[in-house]
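Visitor: The lines below spell out each chain.
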Amino acid sequence: MAAVSLSVSTVKPLGDRIFVKVSESEERTAGGILLPDNAREKPQVGEVTAVGPGKLTEDGKRQPMDVKVGDKVLYSKYAGTEVKLAGEDYVLLSEKDILAIVG
Amino acid sequence: MAAVSLSVSTVKPLGDRIFVKVSESEERTAGGILLPDNAREKPQVGEVTAVGPGKLTEDGKRQPMDVKVGDKVLYSKYAGTEVKLAGEDYVLLSEKDILAIVG
Amino acid sequence: MAAVSLSVSTVKPLGDRIFVKVSESEERTAGGILLPDNAREKPQVGEVTAVGPGKLTEDGKRQPMDVKVGDKVLYSKYAGTEVKLAGEDYVLLSEKDILAIVG
Amino acid sequence: MAAVSLSVSTVKPLGDRIFVKVSESEERTAGGILLPDNAREKPQVGEVTAVGPGKLTEDGKRQPMDVKVGDKVLYSKYAGTEVKLAGEDYVLLSEKDILAIVG
Amino acid sequence: MAAVSLSVSTVKPLGDRIFVKVSESEERTAGGILLPDNAREKPQVGEVTAVGPGKLTEDGKRQPMDVKVGDKVLYSKYAGTEVKLAGEDYVLLSEKDILAIVG
Amino acid sequence: MAAVSLSVSTVKPLGDRIFVKVSESEERTAGGILLPDNAREKPQVGEVTAVGPGKLTEDGKRQPMDVKVGDKVLYSKYAGTEVKLAGEDYVLLSEKDILAIVG
Amino acid sequence: MAAVSLSVSTVKPLGDRIFVKVSESEERTAGGILLPDNAREKPQVGEVTAVGPGKLTEDGKRQPMDVKVGDKVLYSKYAGTEVKLAGEDYVLLSEKDILAIVG
Chain V
1 MAAVSLSVST VKPLGDRIFV KVSESEERTA GGILLPDNAR EKPQVGEVTA
51 VGPGKLTEDG KRQPMDVKVG DKVLYSKYAG TEVKLAGEDY VLLSEKDILA
101 IVG
Chain A
1 MAAVSLSVST VKPLGDRIFV KVSESEERTA GGILLPDNAR EKPQVGEVTA
51 VGPGKLTEDG KRQPMDVKVG DKVLYSKYAG TEVKLAGEDY VLLSEKDILA
101 IVG
Chain S
1 MAAVSLSVST VKPLGDRIFV KVSESEERTA GGILLPDNAR EKPQVGEVTA
51 VGPGKLTEDG KRQPMDVKVG DKVLYSKYAG TEVKLAGEDY VLLSEKDILA
101 IVG
Chain R
1 MAAVSLSVST VKPLGDRIFV KVSESEERTA GGILLPDNAR EKPQVGEVTA
51 VGPGKLTEDG KRQPMDVKVG DKVLYSKYAG TEVKLAGEDY VLLSEKDILA
101 IVG
Chain Y
1 MAAVSLSVST VKPLGDRIFV KVSESEERTA GGILLPDNAR EKPQVGEVTA
51 VGPGKLTEDG KRQPMDVKVG DKVLYSKYAG TEVKLAGEDY VLLSEKDILA
101 IVG
Chain Z
1 MAAVSLSVST VKPLGDRIFV KVSESEERTA GGILLPDNAR EKPQVGEVTA
51 VGPGKLTEDG KRQPMDVKVG DKVLYSKYAG TEVKLAGEDY VLLSEKDILA
101 IVG
Chain L
1 MAAVSLSVST VKPLGDRIFV KVSESEERTA GGILLPDNAR EKPQVGEVTA
51 VGPGKLTEDG KRQPMDVKVG DKVLYSKYAG TEVKLAGEDY VLLSEKDILA
101 IVG
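Protein chains in written order, with our numbering: chain V, 1 to 103; chain A, 1 to 103; chain S, 1 to 103; chain R, 1 to 103; chain Y, 1 to 103; chain Z, 1 to 103; chain L, 1 to 103.
Just so you know, the hints here were simulated from the structure itself, not pulled from any lab data. For every residue, glycine included, the Cβ atom is placed at its ideal position computed from N, Cα and C. Warning: the hint list may mix true and false statements.
Computed spacing ranges between beta-carbons, pair by pair [as the list claims (entries may be wrong)]:
no., chain 1, residue 1, chain 2, residue 2, range
1, L, Asp59, V, Val8, 32 to 42 Å
2, V, Tyr78, Z, Lys61, 39 to 49 Å
3, Z, Thr10, Y, Lys96, 17 to 27 Å
4, A, Gly87, S, Val69, 33 to 43 Å
5, A, Lys68, L, Lys61, 38 to 48 Å
6, S, Glu47, R, Lys61, 24 to 34 Å
7, S, Lys77, R, Ala86, 16 to 26 Å
8, L, Ser9, A, Lys77, 56 to 66 Å
9, A, Lys77, V, Pro64, 29 to 39 Å
10, V, Glu47, Y, Pro64, 51 to 61 Å
11, Z, Lys21, Y, Thr57, 27 to 37 Å
12, Y, Tyr78, S, Arg62, 39 to 49 Å
13, R, Lys21, Y, Ser7, 17 to 27 Å
The whole structure should be built from the sequences, with the hints applied where relevant.
Guide: Have a look at this one:
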């Protein structure tokens, strides 16, 4: 069996999942967001790279997604599944794990 | 990758989430609210800074939000995600974590 | 940031929440209710001070509330969020935590 | 604040709750029900004193109650909230905690 | 308060509950069912004595019951509430705890 | 009380339950299925002996069953209730515990 | 009882289940996906071999499946049931355990 060769452009999230490139930690950026060490649910900033088609409802429709490719998002650091691709950190999240669009 | 620069005005909560500026503790303000130390679920006062578009229902509509920007709200201290922005404390909450509008 | 000044009349509960003034303990009032020390879920008596607009249903309607301002209610002592206001004890409850109207 | 004076007739259960007067233990009544000590969920006998208006459904209707005042009922000893009123034991139960009508 | 006198014929299960007379253990009946000691969820055989009117659906109808008085049923030994009546063992079960009709 | 005499043909599963005859373990059958010892959820092969009428939906219809008598099925070894009948091993499963039809 | 002989082509997943051939681990493939050892929920790559007919909704319809035979998929390593068939590793997953299509 040949090894599967993956690249960022081939990742298509299913349902309401979102593929996010993790932003560098910026704990003390002037005027920027500060994520307190003792936060109950530590938030993280990232940029949306790919967006699923939306959750399928009982009557066969798709729920529209509220984020789009390019959005900067704030999400819980403990949510989703981490993936490393070509040396960069990515995370696959459900849209409900996105707290806010921040840019 | 450039660091993401955030400011309060760029934070757009998703779904039924609310962005709240945490009010200073006012444990013994005369005539004001007193939050007992031994309270089971310690409440906290804050001011609403941004409000999400509302939760998406199964049939694709938005549930209206009961709070608006500028409302003073009482919420559980143990709910939501803390965020520090330009030296001030904020919290991202779901509307269900808001107990009451208090001003 | 100025301290938020709160008074009882400004507290507007959200959804199906109810703002209740806790009645004095009356463990042995003649003919009155007696709350056994070994009760599994200790009930408490209070008076309704403010009532939320009702829970929002999926189709955007409000479920009517079964209690009104002035009702004496019995509720579980371990439910809700305690708040002290101008020296008096209050509690914010969901209507489902109200066991019965008792006067 | 005046003490709240309660009597049995003033107790109006909310929703699908039921106010039950606990029957005396009758562990070995001839021909009567015997509640085994090692029962997983110990049942108890009582008499219905007041019945709530029924659970409110999503479309604003009341679900009819299957028990009425005067029914003897069997319920789980570990369900509900105990209340003592004028020296007698009562319990506030949800209808789902009622196992059977027994007389 | 007079003791409540109960007999099998007076037991009317509520909702989807079923009143079952527990059959004697028959661990090694030839050709009969054998209940392994190491079974994850030990099944038990009994005979249906009384059947509730069925679970009430959201729109006020009763779901029909799949068992009737006289059916021999197989149920999980760890489900329901045990009751002893006139020296015999009974159990109050929800229909969902009935695994199969066996005679 | 006479002992209940059971035979395979009398077992009628309720709802979406399925009565399955457990197949002999075949850990290393050439070309056959191999169930790894360290599997998280150990699968098991069996043959469907009896099928329930289907789960009752809220509006009183039966959901059709996807397996039929005679199907070879793969199911989780930790699901359902084991029953021994005339020296053979059977298991009562919910259809959701069936992973796949394998023959 | 004859041993059940299984082959890949006979495996028909039920409902929303998917039969996936596990891809070889490729921890450091150049340009390929890298699965961090300390990932919270370790993802795994595989190829879809068979797809169930879709989940049955309450009104008797099938929800369409978002993956098809031949898709390369990313799924949580801790989801589903492992099966070994003719020396190869397979896994039976629910579609919700599929994070993304990756090729």
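Visitor: Honestly, do Lys21 of chain Z and Thr57 of chain Y meet the 27 to 37 Å range at C-beta?
Guide: Distance hint for Lys21 of chain Z, Thr57 of chain Y holds at roughly 35 Å.
Visitor: Given the hint of 51 to 61 Å, is the C-beta distance from Glu47 of chain V to Pro64 of chain Y inside that range or not?
Guide: Check passed, 55 Å falls within 51 to 61 Å.
Visitor: Is the gap between the beta carbons of Gly87 of chain A and Val69 of chain S within 33 to 43 Å?
Guide: holds, 42 Å
Visitor: Holds or violated: the 56 to 66 Å window for the beta-carbon distance between Ser9 of chain L and Lys77 of chain A?
Guide: Cβ of Ser9 of chain L to Cβ of Lys77 of chain A: about 58 Å, so the range 56 to 66 Å holds.
Visitor: At the C-beta level, are Lys77 of chain S and Ala86 of chain R separated by a distance inside 16 to 26 Å?
Guide: holds, 21 Å
Visitor: Quick check on a hinted range of 29 to 39 Å for Lys77 of chain A and Pro64 of chain V, using CB atoms only.
Guide: At roughly 34 Å between Cβ atoms, Pro64 of chain V and Lys77 of chain A fall inside 29 to 39 Å, so the hint holds.
Visitor: Honestly, do Glu47 of chain S and Lys61 of chain R meet the 24 to 34 Å range at C-beta?
Guide: holds, 29 Å
Visitor: Given the range 17 to 27 Å, decide if the beta-carbon distance of Thr10 of chain Z to Lys96 of chain Y lies inside it.
Guide: At 21 Å between Cβs, range holds.
Visitor: Falls inside 32 to 42 Å, the C-beta gap from Asp59 of chain L to Val8 of chain V?
Guide: holds, 39 Å
Visitor: If you check the beta carbons of Lys21 of chain R and Ser7 of chain Y, does the distance land in 17 to 27 Å?
Guide: holds, 21 Å
Visitor: Within 39 to 49 Å: is that where the Cβ-Cβ distance between Tyr78 of chain V and Lys61 of chain Z falls?
Guide: With Cβ atoms ~42 Å apart, the hint holds.
Visitor: So the hint says 39 to 49 Å: do the beta-carbon atoms of Tyr78 of chain Y and Arg62 of chain S match that?
Guide: holds, 42 Å
Checked against the numbered hints above, the structure breaks none of them.
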